[in-house]
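Just so you know, the sequences run in chain order A and B.
Under numbering that gives the first Met the number 0, residues 0 to 791 are what the first sequence spells out, in order.
Under numbering that gives the first Met the number 0, residues 0 to 176 are what the second sequence spells out, in order.
None of these hints come from the bench; they were simulated from the model.
Hints may be right or wrong, so weigh each one.
No farther apart than 25 Å at their CA atoms in a straight line, the calculated lysine-lysine pairs in the PhoX-like style are these [to be verified]:
| # | chain 1 | residue 1 | chain 2 | residue 2 |
| --- | --- | --- | --- | --- |
| 1 | B | K167 | A | K26 |
| 2 | A | K26 | A | K169 |
| 3 | A | K653 | B | K27 |
| 4 | A | K297 | A | K330 |
| 5 | A | K440 | B | K159 |
| 6 | A | K174 | B | K167 |
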Amino acid sequence: MALDELKIGGMGASRRRVEDNRFIRGKGKYVDDVVLPAMLHMEILRSPVAHARIKSIDTSAAWEVPGVRLVLTGETMAARNLAWMPTLSYDTQAVIATDKVRFQGQEVAAVVADDPYIAKDACSKIVVEYEQLPAIVNPDQAKDSSAPLIRDDKVNQDSNKIFDWEIGDKEATEKAFADADVVSSLELHYPRSHPSPLEPCGSIADFDRATGKLTVYMTTQAPHIIRAAVAMVAELPEHQIRIISPDLGGGFGNKVPVYPGYVISILASILTERPVKWIEDKSGNLISTGFGRDVYLKGEMALRKDGKILGMRMHTTSDHGAFFADAQPTKFKIGLMHSTFACYDVPAAYLTSDGYYTNKAPGGVAYRCSFRVTEAMFFQERMIHAAANDLGMDQAEFRRVNLVKDDMFPYRTAFGFLTDSGQYAKCLDLGLEAIGYSSFKAEQEEARKRGKLLGIGISTMTEPLGAGNSREYDIIGIKMFDSAELRVHMTGKAILRTGAKTQGQGHETTWAQIVAHELGIPADDIVVEEGDTDTAPFGMGTYASRSTPVAGAAVAMVARKIRAKARKIAAHLLEVSEEDIEWELGRFYVRGNEERGVTIQDCALAAYSNVPDGMEPGLENNAYYDPPNLTWPFAAYICKVEVDPETGVWDVLKFVAVDDCGVRINPMVVEGQIMGGLTEAYAMANMQYITFDEEGNCIGANYIDYLLPTAWETPGFELHEVVTPCPHHPIGAKGIGECATVGGPAAFVNAVMSAIEHTGVRNVDMPLMPNRVYDAVRNGQDVSGMPPVRVD
Amino acid sequence: MTSLYDEVQTPTDGVPTRRVTMTVNGEKRTVDVEPRLLLAHLLRQGMQLTGTHVGCDTTSCGACTVLFDGRPVKSCTMLAVQADGHDVETVEGMSSASELHPVQEGFKQEHGLQCGYCTPGMMLTSKALLERNPDPSEDDIRWALSGNLCRCTGYQNIVKSVLWAAEKMRAERGEDA
């Protein structure tokens, strides 16, 4: 009899997580928990100013501090050709500054000592003389012809512009605008934010002179990319580099890039011939590592009177900081911004983009986002909201008219993406029903009598998750596929390794469920390992919600290879031909004689003790999976808020999330991802931003200035699901990790706008802090553009 | 914290130390520490109790929360010498080898954690809450945990985890079972 899939922890089981067994006992192993014999400690000295020429650095007093083993400056790095390193966007980035500092927090020196306190003491003894230059803190300043050149280190760089880029059909779009009855427009800023995992970045480099092997424990979401990058930057042979990413205290895109601290710790270990640990403090993390967003977006929508969208044109201007270090696929300069409006039937579209250097930290990482998709979908849903209002149409009705219909798949978007599945209208209707949309108008009227303003905001979107395919997507030339390796031991237990890297998503639990689904081996009998490049198969890591779409597919495919071999073994054991063998979960049996069968465990034992003549022994295999397309989950997020016009404070009365991420491997884990993502969406809409004063000082360098929501403010979320399996994924799953962060912010903002737009306000830029909402209501005017600079 | 095998290192010669005695997870410990050493660092590096995590260095995130005479404190901004004569409980002290504390069980059952970095602090704050308020409302829990940040879960499941633990603890005491 076939096994009960839920009982063995297979697909669809809300299996409790196996990783929790160590985390709840405080036995997780994060980088800072690793202690190696004779280990030294490194601390980085960072620039206090945003833009300055370094006139001199005096490290003599630092060397005098007892316990100091090494002091490194840009000169130390330059002597080994390591003062600069390549970024993931084909630019260069300073490892330790040699000529100028280009943002506040940039690395100017490092000290290696017997303990971290001594290293910090010695950093304070280093004297750096700066000649300050004007700081450029936004693209408008960067564009100015009199602006100082930030990247005077680069040959042929005569302005602060990084790129111009365009995509779409300009002529067809112009024609759409010529045919339009109404043209609606919107301009907004998506402020700079920081992914800010609770655990900061860090590394322990351990170079063994005797064997030539470099082992680096590192907070990285993509250990194999790091191995390749270290091989290139440090010119070490790849087989002698071992990157180990242990437990990660969150990542959210922040732990994808290569940071100077990693590289400096590696050189420090090579020079001292001892392990060197570097653990960043929170300020270091917030002011120097990969930020998200910081894009100015504007666009126009061509509309027919009846509500049909005819065309869309858009321009983005992005602020990349001092080095163009976006972690994104090579072909696309502004990530997958052109996935915007993918859930709507928009016949013509055209997007232009330009990007600039500023005296701010580099990054532009995909913060819980599939490469600028968060900005794309936020603009999309704010634009849709504005356009519906301009037409005088109901928000839900306007979306219903323009959403891609179920029978239109596969659907080619105006920018060339191929969306393949979904039930968009069903998701929207489910959400509207759950929020009580039909009675909202009456509620709003009633609340106004109490002096309160009610609003409802809708955000519907599909997004491209799970890059590649490898034809279109690569990072520094490495194609974006992924891998899994499965070894079934003779007692039917197994070990699975993948090239992804969990940071809280629960791979150790859910990957085993996929194997259980494919092979009938109970999930508890399968151990999952990731993050060690010496043992895991090559993979591109975990970000952009690509684990389940790519590595998860590889897991299913390798399990199927194992099943195919087990079938041959079963035929041998049952003494029938392979064609006469049937499969049910966990067991092969003889067609027509269900009683006669062997379990997958019987086959595993036989693989090591009784294989048919001519068959290779063992039951192990690996699979590389190159997805034929991205996966396209859909979400309808609907939010109801109450705004107090006297204070500008807004409260979420109800939030409904309808997610269609295809087949759910572990519903409990999926819901955890959605709630976490919605909280980050709420954070960005409400409080979480990083700004700079005119001198380039980062305002948001600690958790006192950079506000993150606590349990107290965070609203509750009501979750619903629709399941449209992905047509090309082996188990029908789609990405889910970031849908809520991508689609969520517009639901909050649209809700607040809906509450206050009767005063004439069209847009308030995020974060919607009470003072900004209050000003908007009081003046009946937009609050747009640069985020506010706090002067307190 | 010197042991039989520790090399006497020149740099620490002449650095003033203080002898402090504290109870950590029920065990009396005596250590010589620099007066500036933070409690979090003593626990993590000196006593290898690495379940206490350091997140923000500014008393904001609560990843370093320990129970100090039964009350949650943030050990990243407390000096080790301030613990002299006091009782400190870390996540490692919550469970015995065979038995988990109901709060630990609750976090696993209700998916109250993802990356696990905030979890020890969250659980210790929750334990202290349940000791003074065995039947907390959702608001009580949210307020009590508002000094502990989580970037992964969105808190909803953490609240459920604490409610789960509260119910189990009440049942164990024979109340409303």
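For each hint, the structure was consulted:
Between K167(B) and K26(A) the CA atoms are separated by roughly 24 Å; this keeps the pair inside 25 Å, and the hint holds. For the suggested pair K26(A) and K169(A), the alpha carbons sit about 57 Å apart, so the restraint of at most 25 Å is broken. A threshold of 25 Å between alpha carbons decides the hint, and for K653(A) with K27(B) the separation of about 50 Å lies outside it, so the pair is violated. Of the pairs offered as hints, the one joining K297(A) and K330(A) holds, with about 23 Å between alpha carbons and a cut-off of 25 Å not exceeded.
Our distance criterion of 25 Å between C-alpha atoms is broken by K440(A) and K159(B), whose separation comes to about 33 Å. Between the alpha carbons of K174(A) and K167(B) the distance comes to roughly 67 Å, so the proposed pair goes past 25 Å and is violated.
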